[in-house]
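S.K.: Add chain B to chain A, keeping to what the hints say.
What follows is each chain in one-letter form.
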Amino acid sequence: MQQPNRLRPFFENISFDRKDNEMVINFGPQHPSAHGQLRLVLHMQQEQITKAHPDVGYLHRGMEKMAENMIYNEFLPTTDRMDYIASSSNNYGFALAVEKLIGLEVPRRAKVIRMMLLEINRLMSHLFWLATTALDIGAMTVFLYAFREREYLMDIVEDYCGARLTHSSIRIGGVPLDIPDNFIHDLKEFLDKFPQDLKDYEDLLDTNRIWKMRMEDVGVISKEMAESWGCSGVMARASGLNWDIRKEEPYELYDEIEFDVPVSDKGDNYARYKLYMAEMRESSKILYQTMDMYKKTQENNQTALMAHAPQYISAPKLDIMTQNYALMQHFVLVTQGMRPPVGEVYVPTESPKGELGFFINSQGGPYPYRLKLRAPSFWHTGILQDLLPGSMIPDVVAIIGTTNIVFGEVDR
Amino acid sequence: MRKYVPKDDVQKKPYYTDRYWVAPQVAKFDVESDEIFAADLAAIKAKFDVIEAYIQVEQMVVIINATDNFKVAKLLKEECAYNQLSEVGAIDWIAKQNQYEIFYQFLSMSKRKRIRVKCFLDVDQAVESLNPLFRSADWAEREMFDMSGVKVNNHPYMKRILMPEDWVGHPLLKTYPLQGDEAAAWYEVDRIYGKEARDVIGPENREPAKVDRYDTERFGRLGHEVPRGAEFKEDQPETPLAYQEDGGVFIVKKFHADDTVEITDRKR
Chain A
1 MQQPNRLRPF FENISFDRKD NEMVINFGPQ HPSAHGQLRL VLHMQQEQIT KAHPDVGYLH
61 RGMEKMAENM IYNEFLPTTD RMDYIASSSN NYGFALAVEK LIGLEVPRRA KVIRMMLLEI
121 NRLMSHLFWL ATTALDIGAM TVFLYAFRER EYLMDIVEDY CGARLTHSSI RIGGVPLDIP
181 DNFIHDLKEF LDKFPQDLKD YEDLLDTNRI WKMRMEDVGV ISKEMAESWG CSGVMARASG
241 LNWDIRKEEP YELYDEIEFD VPVSDKGDNY ARYKLYMAEM RESSKILYQT MDMYKKTQEN
301 NQTALMAHAP QYISAPKLDI MTQNYALMQH FVLVTQGMRP PVGEVYVPTE SPKGELGFFI
361 NSQGGPYPYR LKLRAPSFWH TGILQDLLPG SMIPDVVAII GTTNIVFGEV DR
Chain B
1 MRKYVPKDDV QKKPYYTDRY WVAPQVAKFD VESDEIFAAD LAAIKAKFDV IEAYIQVEQM
61 VVIINATDNF KVAKLLKEEC AYNQLSEVGA IDWIAKQNQY EIFYQFLSMS KRKRIRVKCF
121 LDVDQAVESL NPLFRSADWA EREMFDMSGV KVNNHPYMKR ILMPEDWVGH PLLKTYPLQG
181 DEAAAWYEVD RIYGKEARDV IGPENREPAK VDRYDTERFG RLGHEVPRGA EFKEDQPETP
241 LAYQEDGGVF IVKKFHADDT VEITDRKR
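Residue numbers (this note's numbering), protein chains in the order written: chain A, 1 to 412; chain B, 1 to 268.
Because the hints were derived from the structure by calculation, they are not lab data.
Worth double-checking, as some hints may not be accurate.
Claimed, not checked - From the structure, some residues in chain B lie toward chain A, with a derived Cβ separation under 8 Å: (1) 65; (2) 91; (3) 162.
What the hints assert, rightly or not - With a straight-line Cα cutoff of 27 Å, these simulated DSSO-like cross-link-like pairs (lysine-lysine) come out: (4) B/111 x A/65; (5) B/210 x A/65; (6) A/223 x B/77; (7) A/296 x A/317; (8) B/111 x A/223; (9) B/96 x A/65; (10) B/151 x A/51.
Even glycine gets a Cβ: it sits at the ideal position worked out from N, Cα and C.
So here's chain B without its partners, still in its complex pose:
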């Protein structure tokens, strides 16, 4: 059977994948193999449901219920000495299971350990803010909302942070095109002149190096000059290049156009 690919996923896809190719896995280790992590996990397990826990690339990953995130963070901070929240982010699994995967990256400076706490959040639900515990969550959660559209409860200042406040859509969703959607393409026009001006102003030139040979407003054509703004016709008569100065430009002394030789034979 052909693999299911969500239709509205506009991310770049590999153009070829061997049909018998099976992706290898990054090794996951049992939490019991590390004493400190085992103790931390036991502390979490004593009070909360842990869906999965393992060690991957020297860091423990704990998957919990989304409703427990604040309490688990509080426990990690107050009882397990994880004193910094270094990163918060969301992964878009909307096409697959209608959920976000949210990760909180904690650091314990006294234990020299890092934990990643993860939870799955339904798209129509909101996650609790960690701002009262870690001030770093303030900006991190704003960024998470801005980029992925994850809603956060009890956040002191829930506004977009990187994108403009009146932006439409959340750029890091898999359904959001890399070049931006329609609202993005017309953002400045809509904002400054209003939607009705779209036809007058026309689409934005996304290619700054684009050369339009029929645009006589912005481009000249050497050898086939027309007045600026005039229409260019295919049978435009040739206008030979000529220097304004008699006998050529005075700086160029050695160049004599008549004496030049055109080399056709490579091995000459």
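Excised from the complex, chain A in its bound form:
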């Protein structure tokens, strides 16, 4: 018996009543809208999915194994390759975990610069998400617009650290550089323009009939499901879990900053889209405040960028070039590596994708004994096996889009 709806009109002379009509479709791993190397084995009844098996591992590089064979500073550039859309947030998560292990206090100016970088990365990541998701659903214009804005941000980051994608812009113990002279000016210029851009995207999408049909009531994640699957970030907040690590377990100077955490209880694709848009506005709000904080550190003459801990962190370049002992310590730290105390630490941070956690078990050696990377996308890919059954095949693309998974992070 046919049941016609908006997506499936009534077919004359065609019967769909055959029994055992199951079809197995292999989606990916080289599918352009799988956002990387995701392979989905989909069992279908006509257009409807009955079973889904996400298959990951096509980008597995064994980062945890690599970490066990590298000194701590050596591993930092490797973290860039996890969530390569917002690589500073990975650098930061790792640096913070090691700092917690050692018990380092980072200078205030470094904290402010880190927060700027983190929020710029969040904007970059969210813009990338908007662009690619819109492209998957067919909104080419939004893709081009969002990439234009992302380009401005990448230029700003490039001014800071020279890299556009794999930043390595944060070090254990602080940041390597002060921000360049034009940084604040450029950033302010961008942020002043940005609300208008966001409005442009929303004008194109918010009430767009196709966009709403693809997004509204599609891929609904209930609160229980989000809890049970370990969802974090926007995936959790769209399902009514009011949890933002920046707010609840503040790190850096997020407790000194005023910002809201947008939450929705709808749990569908559209709610996630709205949250990403709202988060971009919150990030700009944070960036305005960090610029003021940076100016205050200038007024108070707080110029230190790296923590002072000669046992773990190399001295500033000037000291290394002028003082014998600083040079010796630098030599030991570069060739042998720092040796954090014996102990364990699990440090979660709010990366653009969700809760990014670094678990480090140190046995007092220069190499971590065990390092576990808790990447949010891993769990957001796992949820697909419960989320996809019952939805239609075109919805798969929209759902994968809004889960915002990055395979550098899923496979590590």
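M.R.: Okay, now just chain B, sitting in the frame of chain A:
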């Protein structure tokens, strides 16, 4: 006495350690110093054996028996409001005590607290799956099995997740080399052509930038050209570089090879 180092541990070792150096410890605090953690610990202690409990870097660590893991997780979820299982992993202590150390990282959103429950599991034993309580355990335990080889009971779909299904060995064991073992080196050959083809195909080139000067199949030698695939001899006659065009390439107008000067004096 020299420190015991397990022979089959192929992880990278520090090449120098001061013999009088004593590693400092990350501070451990008493659980009683935090009210919420103390209450949670009391709830666990009321029903289960707790081997050790302390607070380290703002999170409580509870070490329990491996057989209690499911029940403790159930208690934490239902009575102590720990609503998310955010991470599961195993640490390899096989060389030291023939055990895995398994950790479960829980999060309570209402209390804003994180707990790490740990247990030690003998290598030949299996741990109970937390999948009925937390769906996130599904993938996490698959990863734990895949990477460290920890066996999990009552898991709905116990298969490798990151490595291919027919992979040999578990990469995160300390006995597994960083470059991969023999099975890893021949994985594609064995799978596609069979083991007997190993000799024909030869080992994989792990160095993509490697230049072999005697390989005339893939590399040319400027100034000493030989036909492709021909054998290269040491006394190969010199073949001077010459442009095909008369008088050099037409784009390069200003360069005259005869007029160039070789600078030998740095301070010239």
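S.K.: Now look at each hint and say whether the structure bears it out.
M.R.: Cross-check of the supplied hints:
Evaluation of the residue 65 of chain B hint against chain A yields a violated restraint, the C-beta minimum of about 19 Å exceeding 8 Å. Given hint, residue 91 of chain B at the interface with chain A, holds; its Cβ is 5 Å from that chain's nearest Cβ, closer than 8 Å. For residue 162 of chain B, the suggested interface contact is upheld, since its CB lies about 4 Å from the closest CB of chain A, less than 8 Å. As the CA atoms of residue 111 of chain B and residue 65 of chain A are separated by approximately 34 Å, the hinted pair breaks the 27 Å bound.
Using a Cα cut-off of 27 Å, the hinted pair residue 210 of chain B and residue 65 of chain A holds, with the two alpha carbons roughly 25 Å apart. Pair hint residue 223 of chain A plus residue 77 of chain B holds up; C-alpha atoms about 15 Å apart against a cutoff of 27 Å. For the given pair, residue 296 of chain A sits about 25 Å from residue 317 of chain A by alpha-carbon distance, which is consistent with the 27 Å threshold. Restraint check for residue 111 of chain B and residue 223 of chain A: satisfied, since their Cα atoms lie roughly 18 Å apart, inside the 27 Å limit.
Distance restraint check for residue 96 of chain B and residue 65 of chain A: the Cα-Cα separation of roughly 19 Å lies within the 27 Å cut-off, and the hinted pair is therefore satisfied. Straight-line distance between C-alpha atoms of residue 151 of chain B and residue 51 of chain A comes to about 26 Å, which keeps the hinted pair within the 27 Å bound.
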